[in-house]
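K.L.:
Start from the sequences and build out the full structure, keeping to the hints where you can.
Sequential numbering of the sequence shown, starting at 2, is according to the working numbering.
Some clues are possibly wrong.
[Claimed, not checked] Estimated spans, in silico, between C-beta atoms of each pair:
1. Gln55 to Val31: 17 to 23 Å
2. Ala44 to Asn6: 25 to 31 Å
3. Lys50 to Asp26: 28 to 34 Å
4. Tyr27 to Gln49: 26 to 32 Å
5. Asp56 to Glu23: 18 to 24 Å
6. Lys50 to His29: 31 to 37 Å
7. Asn63 to Tyr42: 18 to 24 Å
8. Ala16 to Ile53: 15 to 21 Å
Keep in mind the hints are simulated off the structure, nothing from the lab. From the three backbone atoms N, C-alpha and C, an ideal C-beta is built for every residue, glycine too.
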Amino acid sequence: MKQNNWYPLCFESRAKYLSWKEARDYAHEVASVCDDCNADYLAEMQRQKRCIPQDAMFNSTNSKKPCKPKTIPSYI
Numbered sequence: 002m003k004q005n006n007w008y009p010l011c012f013e014s015r016a017k018y019l020s021w022k023e024a025r026d027y028a029h030e031v032a033s034v035c036d037d038c039n040a041d042y043l044a045e046m047q048r049q050k051r052c053i054p055q056d057a058m059f060n061s062t063n064s065k066k067p068c069k070p071k072t073i074p075s076y077i
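P.N.:
Now the structure itself:
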């Protein structure tokens, strides 16, 4: 079986991403990493060019529904 080494750039490491996934699954949530992102962190990740929501939502969701882009407030 091929291992998937992908993780969102907004995470410091793959280990932290896997920890987030484990917590999400333990809580029986249907979510992507973008669902848990707050406005301050989003702004910082965008400033650092580490926010790629289309990849993060597609690859990190456990939903079978199509991903919808996260609405970013215009004041950020």
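K.L.:
Could you run down the list of hints and mark each one as holding or not?
P.N.:
Outcome of the hint check:
no. : hint                       : verdict
1   : Gln55 to Val31: 17 to 23 Å : 19 Å, holds
2   : Ala44 to Asn6: 25 to 31 Å  : 28 Å, holds
3   : Lys50 to Asp26: 28 to 34 Å : 29 Å, holds
4   : Tyr27 to Gln49: 26 to 32 Å : 29 Å, holds
5   : Asp56 to Glu23: 18 to 24 Å : 20 Å, holds
6   : Lys50 to His29: 31 to 37 Å : 33 Å, holds
7   : Asn63 to Tyr42: 18 to 24 Å : 21 Å, holds
8   : Ala16 to Ile53: 15 to 21 Å : 20 Å, holds
Of the hints listed earlier, there is not a single one the structure fails to meet.
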